[in-house]
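Trainee: The lines below spell out each chain.
Number of protein chains: 2
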Amino acid sequence: MSSLTTTVKAMVFDTFGSVVDWRGSITRDLTRWGQENGFEADWTAFAVKWRSMYQPSMEAVRSGKRPFTILDVLHRESLEVLIKEFGLEAMTEAQRVHVNKVWHRLDGWPDAVGGLTRLKSKYIIAPLSNGNISLLTDIAKYTGLPWDLNLSTEVFRCYKPQPQSYLGVCAALQLEPGEVMMCAAHNDDLLAARNVGLKTAFWPRPTEHGPGQTTNLVAAHDWDIVARDIRDLATQMGV
Amino acid sequence: MSSLTTTVKAMVFDTFGSVVDWRGSITRDLTRWGQENGFEADWTAFAVKWRSMYQPSMEAVRSGKRPFTILDVLHRESLEVLIKEFGLEAMTEAQRVHVNKVWHRLDGWPDAVGGLTRLKSKYIIAPLSNGNISLLTDIAKYTGLPWDLNLSTEVFRCYKPQPQSYLGVCAALQLEPGEVMMCAAHNDDLLAARNVGLKTAFWPRPTEHGPGQTTNLVAAHDWDIVARDIRDLATQMGV
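Those protein sequence lines, which keep their order, are chains W and P. Per this note's numbering, residue 1 is the first one in the first sequence, and the count goes up by one each step. Per this note's numbering, residue 1 is the first one in the second sequence, and the count goes up by one each step.
In isolation and in its complexed conformation, chain W is listed as follows (with noise of 0.2 Å):
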């Protein structure tokens, strides 16, 4: 472990489920604020709902059917469809939007802020998200996340898994991408960094999408490390 914490100079980090529980915050967010609106669901199943058309709803920005699109835009066009689902066509422009920034507002697994300020005493830390530029700064305000700087794949006009994804930050950082720490909750996140030479660390978060989760609850693979979380995550990283 000796040569990774001298060979390491930045950690990135998947941020949706790896370092914040969308699920739980987008429950306990919408629950609160239907009973101040008056609109009922089951708001774990909308979040659930929700989070399980993200991939989907990247996957033609990334064959290159459409354009980039950050993703609020592919959040809000995923919300739309949710609404009809869920019979909450009476939510109101001004709510849909502010509904569709509970993306923004996500709080973070419990080790997460004492980890990532261990961790960033010694590496440069930056979410490598998915998320666009203002979602990923909103949610570390929000959140306390203490971020170096903001690696949203926004930067990059692409989003994860693409390769340009994971090179963009080594060159934005100047690094080789043996310097460079994909760190992540997610298996497939892991590989597709190890794939084009980055160093690899993996926490499983078995609750990510409830008790009944199955998918990502060990390593996948011999990952550089495999901790118990970002705390954890700290102490095998010398800091």
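This list has only true hints and no planted wrong ones.
So, partial list: chain W residues that the calculated Cβ filter (under 8 Å) puts toward chain P:
id, residue
1, Ile-124
2, Ile-133
3, Ser-134
4, Thr-137
5, Ala-140
6, Lys-141
7, Asp-148
8, Leu-149
9, Asn-150
10, Val-155
11, Ala-172
12, Leu-173
13, Gln-174
Label pairs and their computed distance ranges (CB to CB):
id, chain 1, residue 1, chain 2, residue 2, range
14, P, Thr-7, W, Gly-114, 32 to 40 Å
15, P, Gly-210, W, Asp-188, 49 to 57 Å
16, W, Arg-62, P, Pro-56, 35 to 43 Å
Hints were generated in silico from the structure; no laboratory data involved. Heads up, the beta-carbon is just placed ideally off N, CA and C, and yes, glycines get one too.
Given the structure of chain W, go ahead and fit chain P onto it with the hints provided.
Mentor: Coordinates of chain P only, in the frame set by chain W:
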């Protein structure tokens, strides 16, 4: 002033000269480095000459004669000229790389960290600088600037004062120009920002270029805020 403190959501800062003291920092850094490595020069004159090549070096990019090229590369090209001029040809390649990176090791003016920390409690704060992403990241780590995100013009593939620098920031943050304040010790930067609708804040750095400085000693226009320094800017912005 009270309407500014409710309208403005993000404050973006010119960095070289406005937030960090390039002349003093380079003089200190290279004087020590020269003593340790056997190179003698008037390092203040060296710093001032280097900086004087800054605007001309970006002009080929701004005019479209040259594809977007990051500032580290432009700095290096200027350095090669300076090395000849100052008779420092004995520098090895590794030494030239180290010296060129002096722009990544700049100290903040004494009010910078304190003032920015206060502003961050209410506003999104970021550098909007022609420094490239890694340069600005390194400066922030080196001197402790608490940016929320890094809005190097490298993100927008242009150089200030091109309008797309300022408008790119507004688009990335999903804010109207009137919700973003350009903050600088340089009147021309503020004028370009105001021309596309941003709010403006000025404070002087009367020794940025040394004791004989004749430019930017006072506000040349009726900027939204004229402050003594970044601490005073924080006070005027209500934090």
